[in-house]
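All residue numbers for the sequence shown refer to UniProt numbering, where the first residue is 1 and numbers rise by one.
Read the hints as simulated data drawn from the structure, not as lab findings. The reader is advised that the hints may include incorrect statements.
What the hints assert, rightly or not - Label-pair restraints from in silico Cβ distances: (1) Ala44 with Gly81: 16 to 24 Å; (2) Leu67 with Leu36: 38 to 46 Å; (3) Lys35 with Ile104: 32 to 40 Å; (4) Val101 with Phe60: 43 to 51 Å; (5) Pro42 with Gly65: 35 to 43 Å; (6) Asp28 with Val78: 40 to 48 Å; (7) Ile74 with Ser114: 57 to 65 Å; (8) Ser57 with Asn110: 52 to 60 Å; (9) Leu67 with Gly89: 27 to 35 Å; (10) Ala75 with Tyr102: 34 to 42 Å; (11) Ile74 with Ile104: 39 to 47 Å.
Note that CB positions come from ideal geometry on N, CA and C, so glycine has one too.
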Amino acid sequence: MESQSDVPHISELPEKRGGGRIPGLAKDVWVESKKLWVVAGPAAFTRLTFYGMTVVSQAFAGHIGDLELAAFSIAATVISGLSFGFFAGSVALYLLPLHFVYAIILPLNNLFASRGKGDPE
Numbered sequence: 001m002e003s004q005s006d007v008p009h010i011s012e013l014p015e016k017r018g019g020g021r022i023p024g025l026a027k028d029v030w031v032e033s034k035k036l037w038v039v040a041g042p043a044a045f046t047r048l049t050f051y052g053m054t055v056v057s058q059a060f061a062g063h064i065g066d067l068e069l070a071a072f073s074i075a076a077t078v079i080s081g082l083s084f085g086f087f088a089g090s091v092a093l094y095l096l097p098l099h100f101v102y103a104i105i106l107p108l109n110n111l112f113a114s115r116g117k118g119d120p121e
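With the sequences and hints as input, model every part of the structure.
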């Protein structure tokens with residue numbers, strides 16, 4: 001642990017990047033937004049494309065007849081519900097063992113910390 005003399009005074013600290021000005025903040029927000037859209041853009045495009053394909057397909061099914069429109073809308077709802085269910089189920093399967101790990105590790109960590117064996121420092 002640092003002693004009081006090792007801690008610099010606030011006037012000795014270097015200036016923050018951007019200097020706390022709004023133009024610097026706007027530039028940082030723009031850069032981070034561009035990085036975010038590089039990752040999230042394709043996912044958003046895919047989601048909108050699949051939604052558009054479903055709408056167009058349902059419109060074509062509606063032109064064929066009422067029974068076909070009902071069948072397609074039920075099928076599309078069931079398939080989208082199942083795909084979301086599989087996604088949520090797979091996420092739950094991956095996260096479930098993590099809960100057991102925390103249930104074991106956290107009490108052990110508290111036990112070792114109470115006995116003074118937690119941190120080697």
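Next item on the list: Just pull the numbers of the violated hints for me, sorted ascending.
Entry: none
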